[in-house]
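Reminder that position 327 of the sequence shown reads as 327 in this note's numbering, one-by-one numbering, no gaps.
In short, the hints are calculated from the structure, not lab data.
Cross-link-like lysine to aspartate or glutamate pairs, in silico, DMTMM-like; alpha carbons within 25 angstroms at most:
no., residue 1, residue 2
1, Lys-437, Glu-327
2, Lys-177, Asp-192
3, Lys-435, Glu-327
4, Lys-437, Asp-348
5, Lys-174, Asp-366
6, Lys-149, Asp-183
7, Lys-123, Asp-416
8, Lys-424, Glu-132
9, Lys-177, Glu-381
10, Lys-174, Asp-151
11, Lys-400, Glu-342
12, Lys-174, Glu-290
Simulated restraints, written as ranges between beta carbons of each label pair:
no., residue 1, residue 2, range
13, Met-153, Ser-341, 40 to 46 angstroms
14, Ser-341, Lys-112, 46 to 52 angstroms
15, Met-308, Lys-122, 49 to 55 angstroms
Glycine included, each C-beta is placed from N, C-alpha and C at the ideal position.
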Amino acid sequence: MVRNVFTWKSRDSQNGGVSCTGTNTLTPGWKLFGKTASKPADLEPEQVGLGIPDSPASIRSSGSGSKKYEDVVASSSALILHNRPSNLPAKSQDEELKHRLEYQGMVEAARKKEMKEVKIRKKQLQQQLKLEEQLANAARVWNNEILPKWDLMRSSRKARDLWWSGIPPSVRGKVWKLAIGNDLNITHQLYDICVARAQERLRAAENSSCVDTPDCMFPESGDNPDKEASVELIQLDISRTFPHLCIFQKGGPYYDILHCLLGAYVCYRPDVGYVQGMSFIAAVLILNMEAADAFVCFANLLNRPCHMAFFHLNQPMMEAYYSVYNEFFRENLPRLFAHFSESCLSADLYLLDWMYTVFAKAMPLDLACRVWDIFLRDGEEFLFKTALGVLHLNQDALLKLDFIHGAQFLTKLPDDLAGDQLFKSIEAIKMNVGKQKFSEVLAHFVEHCEDSS
1 MVRNVFTWKS RDSQNGGVSC TGTNTLTPGW KLFGKTASKP ADLEPEQVGL
51 GIPDSPASIR SSGSGSKKYE DVVASSSALI LHNRPSNLPA KSQDEELKHR
101 LEYQGMVEAA RKKEMKEVKI RKKQLQQQLK LEEQLANAAR VWNNEILPKW
151 DLMRSSRKAR DLWWSGIPPS VRGKVWKLAI GNDLNITHQL YDICVARAQE
201 RLRAAENSSC VDTPDCMFPE SGDNPDKEAS VELIQLDISR TFPHLCIFQK
251 GGPYYDILHC LLGAYVCYRP DVGYVQGMSF IAAVLILNME AADAFVCFAN
301 LLNRPCHMAF FHLNQPMMEA YYSVYNEFFR ENLPRLFAHF SESCLSADLY
351 LLDWMYTVFA KAMPLDLACR VWDIFLRDGE EFLFKTALGV LHLNQDALLK
401 LDFIHGAQFL TKLPDDLAGD QLFKSIEAIK MNVGKQKFSE VLAHFVEHCE
451 DSS
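Kindly generate the complete structure, drawing on both the sequences and the hints.
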């Protein structure tokens, strides 16, 4: 005896709809994965009452009436159109009504959810189009009005407003080169010479006998008094530079460019050598300009007082900068400053990494580039203002964290860090203590540290 669990199938088969031999006469009713075309008159009354369209295709092709069903969710729930199979006890009227209402409620909830998602996607698209239009307009202003008259326009109100809102990526490299300048008078020919020298030294190191351990990358014979030997150490750090982009690692399109630039700098400034964190600064520059221009900007940027102090590991100057930071920290965020003091979370545990990489390691790349925009306009003061802005934005969360979790949070900031909110927090930071400005406070602590040493 065959149990007719699928009563609709047996009914259709008896009517000649689908035979065991595979003959399909396309009679009205549901197939396994779809529904054959049927006239409204052929549907059962309960099916008409639900008001469900025939198929997703009919929704898309319904012409002027398509808006009615544009947000209907086409899913397996649309197949629940029949009562309980005949071999099972029939539902009571109350139970059938209850289940019908529940089903309609589920369909309505799915429809509302889909409509909400459509609105969100539409809003995101509108915002993206608006942003692209703003960037295009800003790029035209930069190219046509500001860049041709750089010396005259760079300090204008119009340029500063555009600068604060973020430089368009298409002109960012040009603006950065002009903002950094070339006080060291480095030429592209000098860059080529330094690259050739770095490659020669690397080949010599590979041919010489080296201790085969990760901790010793220097030739055994002959210690070099300068730091040019740190060319070999660069490879160890490049692999950790923006690993999620997969473009600076070995085999990536920018691996050789970044390696050559850092090696060239080591040969250009053997007294400084290579310091961990330089790769992030070089990588950000390479992403926005040609290699030779990036080298010029890199060398001039690291020649500024703040970075020179940190990369030279000039302890008195580093202590002066830490003292300045703590002074403004206490002035702007007294509660958080007290919490950090109680937790022993000192500035050197997170600020040093921010200074070394100019926030490129801790922040999402696009947001870090926007921070770079203003840093190259306003100088080192903006780095400390940004650091305090980060603390201001996340103050409530940081007040609940202990030493370990606070340090972890600040070492790698959230990926969803909102740029507009961060810059509002940065604007809220006051860079004066009493009547003293940043430069005056810094001069005071520099003098104090020099006297102490």
